[in-house]
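Student: One line per chain: the protein sequences are A and B, in this order.
At position 276 of the first sequence (counting the first as 1) the number is 276 in this note's numbering, and the numbers step up by one without a gap.
Take the position in the second sequence, starting the count at 1, then add 1000; the result is the number in this note's numbering.
Hints were generated in silico from the structure; no laboratory data involved.
Among the hints, erroneous ones may be present.
Facing chain B, from chain A, some residues (calculated, C-beta under 8 Å) [stated by the list, open to error]:
id, residue
1, Thr-50
2, Phe-101
3, Leu-153
4, Ala-156
5, Ile-163
6, Thr-164
7, Met-170
8, Ile-171
9, Asp-177
10, Asp-337
11, Ser-341
12, Leu-344
13, Ile-347
14, Ala-357
15, Leu-361
16, Leu-365
Where is the CB? At the ideal position from N, CA and C, for every residue including glycine.
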Amino acid sequence: MSMQDTLDTASRKLLERAAPGRVDFENLVVVPLFAVVAALILGALTMLATSVEPATIGRSYLALLQGSVGSLAAISETLTAAAPLILAGLGLALGFRAGLFNIGAEGQILMGGMAAVICGFSFSHLPFAVLMPLCVISGGAAGAFYASIAGWLRAATGAHEVITTIMLNMISYRLVDYMLRLPWVQRPGRADPISQSVPPNAELPALLQWLDPNLRLHAGIFLTLLAVVVVYWLLFRTKLGFEFRASGASPEAARYAGMRASLIIVLAMATAGMLAGLAGANQVLGVLGRASPGFSAGIGFDAIAVALLGRSHPVGVLFAGLLFGALEAGGRQMQVDAGVSIDLIGIIQALIIVFIAAPLLVRALFPWGFRRPDSGDGRS
Amino acid sequence: MTLAVDRPDPAAPVVDKAEKRRAQITGGVLVALAAFIVLVFGDASGDATFRLSRARDVWVIGDLVVPALPVIYVAAALTAFLGALLFLRGGGRWTTLSLGAGLALAVIAFLLWATAGNAFSLTGMLQATVVRAMPIALGALAAVFCERVAVVNIAIEGMLLAGAFTGALMGSLIGGWGGLLSAVVVGGIFGFILAALVVTYRMDQIIAGVVINLFVLGLTSYVSSQVFAEMRHLNNAPVFRAVKLPLLGDIPVIGPMLFHQNIFVYGALVMVAVSTYYLFHTRSGLRARAVGEHPRAADTLGIDVYWTRYLHVTLGGMIAGFGGAWFTLGSVGRFDENMTGGRGFIALAAMIFGRWHPVGALLAALVFGFSDSLQQKLALLQTPIPSEFLAMAPYVATIIVVAGLIGRARAPAADGKPYIKD
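Same shape as in the complex, but just chain B:
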């Protein structure tokens, strides 16, 4: 089973029709979105003030003051225009771009409406965006590694949870760095188990993933209620603090976002860069992708398909373990039952959204991080929208994006299929 529909064949008229229909649906959605913007956000009044600098910054730049209502109407008009264009003569690569632009405009309109007559720290929110995006980005990167060698990894959630748990336990025993290293190792072990189940024992990949999730959830919940409840010192790990890079950290807006963060943010950014180089610019990366696209051909050329799958799924597990440690060593230092709360699944969505590419996965994760932090900050502004609906927004956005995008995103051809050597 794969996480995407079959590759669209440009020669087939059926697919052309489907493409056209998707463009029309997306166009309709955008027009509806424009109407929504006008109806719901049309009552904004006053200026929206976005603070870009914080009190102790070296270089202070002024606030960004925007007249809310006119800009909201401009955003709605642009969205409606994009939607109409797509509906009438849509298709091709504009579908995705227009959808992305429309959603971005809706977010801008929403921000203006919520902030109108108020002040709001944009920099603080962007910093939180990056922080919150990291576990999703790392999970998505792990999924990229697995799916590029054609192993569907539903178990990202479990691997994140295992990393979080190990980080808390080992971090309490042997300190932060030891905890981080152990989390990576345990993530790798679960990656190896997944590889063994699906490559050697040819278990259904989705079932194997579900099982690992269940197992990790059971094991970590069991230990945390059986052991941590009584021995609290085992669940009290040190936390990695944010480190400000000299000079770079002082750049307004971008500095706090990218260069005044903890080890997880730096680690994730480096890993995304390294894995992009590895997957697309090295010989081993090419071989790995060959295994994901056409294992039989790769095998014929002398690439060891099983070994490649074992290696990359284990590597993916290690990345997920690192990402999981973020939950404990990167934020609160304490493990709670099921503390990943479905972020592994969102990471999976981010991977598809990011088209099986590390950079795409990172960007998609940033979108999720953005909506996550937006929801947190907006609770302070006291908008009349119930907080539950704000909390829903990222998931609704995911559905819209996956529905609008999936036809263009293409999974590795052999994704989800076991390879049986002759």
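This is chain A alone, in the form it adopts within the complex:
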């Protein structure tokens, strides 16, 4: 390395120290922004390739925008769709921080939702102030229990959680199908697998129905925001959170520091499962009002993307969840207005994550958006 290079590197480091904002800004704002734009462009190309008219493409993106943030109803839909994604995403993010790759949010959501529904119609005589929290808690508890199976297996036998949580997902689908046909769960007079309805005094109350009865936004959004704060506090302000992060960053070091690895694994999985279970309870108590086969509707898998996109940080997860909620709500509008299948949203979501998770790729695609990594000319 020549003298000049050394000087350049040194001066750049000094500049970075003087203005730390620039790198953070690029990583937190510019990269996601470019990722979304690149994903939308590639989405448009996909539509072109499947012989969708250019005019329709324009209309569909307009509908995407309108359906996500264009009106009060759109914002209500966006928040409604975002809440379970954020809740489950927080759980997965917490798991990632603790070094656990939990793919089982889907199953945990199903178990949490089932518990909340069953609790709701079984104790329908209780007053709202008791029953609603009870249902929410039982949803969280069921999710925590289901996830801690995988945690315990990992801790006791070393079975990898990727495999066990996938298997637990598969099991949960069948378990829900089975439970929905049990005589005391199935809705009377129905032959198809569908549960009894959640009584009104167990529902998460709708917030905006005094404006318009079609607005679905419900109190689950407060639960979600509370969860963001609590997870942030847990991860970054408590000893347990430190232990989660330490054993995720370096299991060896954590063990030498005297942390009980097995206990931490089980606790981290249980907390992650609790959050996913809350997402399930949020769905059945706030949106669906009942349980039917596969009511988790892939939220558990989208939540993986949300957690990755949010870089496993509670605030990041919040924004990633809002983005995915907006895409979801806008996608439905797009399907109605422009006749473009909502499955396009899946493609766009995947592309966004690629570009976020591989910053090198975004920098290669949009070199002008970034300070060139090796130029010490101080353009920042």
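Here the structure of chain A is known, so what remains is to put chain B in place on it, guided by the hints.
Tutor: Coordinates of chain B only, in the frame set by chain A:
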């Protein structure tokens, strides 16, 4: 991130204790299994008849008639014995073997109980086993190729789905063989993309895999609802029929199982044989494994680590693409949204179960295929167990097996880690 825990070090007493504990847990599970067999299957009565030949076979052999209840009790006793032995003085390599034997005995007991007083075509079920195992075996083989060069491939599911989709689309346009070839090519392209993301762009391997899965699911679902819904002729591919090999196909039981199948079964069997030879008996195979175990050392010896990873992950993608075509060209000829239904993940489990070895992966896949076809056939026998629980059985078995086995299975040492050249 790797798909297995760290290599157990025999010198460390901690691991010895863990090994012992695992043996004790497994022993407990086996004893519980024996109790389960007696309690649930203990009410069988009559003989169970297993048909071994079919009406038009050249050589007909008689039915296998078994008195159900006594054999069930023998199976339970054997399982309990194995469990007790393992619990008291377990450890070492007997853990895995005993667990496998115990599960096999439980399956036999279950079959006898379900068939008692009835007749059941064993040959038909075994044939279906092989057919259903193939996508899992091919997916697992693809995963073996990737993980042997230290690339964790969660994207098998997406690659299978891409193969299925391409098979249906191109098969409808240019015929079965063209469809099959295109599926292989598209699988290879996704393998190449995965390699590019994780080798060149050093993206986290699990994230890259998840992303490919999401992308393929989105793209195929989008096209199938946007295009196939209106133009059905694009989703109507010819199906490869079963071909009976002369003479071999007439052997009772084994003939229909192995030698009266379609191109996918023959292809998978050949590929497993070839890749075993390649990975363990050729110079390039040795180099590939070196890249998976110790990339720095391999690099020092002049092996191009990046090129080796690109090559093998792409090859793995091609195998997965071939396996994916099974879903459309090998069975129904029509693509449905998300038709792979998680089999790519089961393939991943099969790879671990099969200890990162092609033959092991095939055998593990056969276990999954067996439970899959068992569940299908048993629906006909009308057992009192709800069908949902039968459908769960393979997944529960996977959990038990992975939990009981993982300590002994060892992943390639560098699995999941990116390699940064100096």
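Student: Take the hints in turn and mark each one as holding or not.
Tutor: Structure-based check of each hint:
1. Thr-50: holds (5 Å)
2. Phe-101: OK, holds: Phe-101/A within 8 Å of chain B, min 6 Å.
3. Leu-153: At about 5 Å, which falls below the 8 Å cut-off, the nearest Cβ of chain B leaves the hint on Leu-153/A intact, so it holds.
4. Ala-156: Because about 7 Å separates Ala-156/A from the closest Cβ in chain B, which is inside the 8 Å limit, the hint holds.
5. Ile-163: holds (5 Å)
6. Thr-164: holds (5 Å)
7. Met-170: Constraint on Met-170/A satisfied, holds at 4 Å.
8. Ile-171: holds (5 Å)
9. Asp-177: Cβ of Asp-177/A sits 5 Å from chain B, so the hint holds.
10. Asp-337: This interface hint is violated because 15 Å lies over the 8 Å limit.
11. Ser-341: Holds, because the Cβ-Cβ distance from Ser-341/A to chain B comes to roughly 4 Å (cut-off 8 Å).
12. Leu-344: Hint on Leu-344/A: holds, closest Cβ of chain B at ~5 Å, below 8 Å.
13. Ile-347: holds (4 Å)
14. Ala-357: holds (5 Å)
15. Leu-361: Interface hint status for Leu-361/A: holds (5 Å vs cutoff 8 Å).
16. Leu-365: Leu-365/A check fails; min Cβ-Cβ to chain B is 11 Å, beyond 8 Å.
Of the numbered hints stated above, those contradicted by the structure are hints 10, 16, listed in ascending order.
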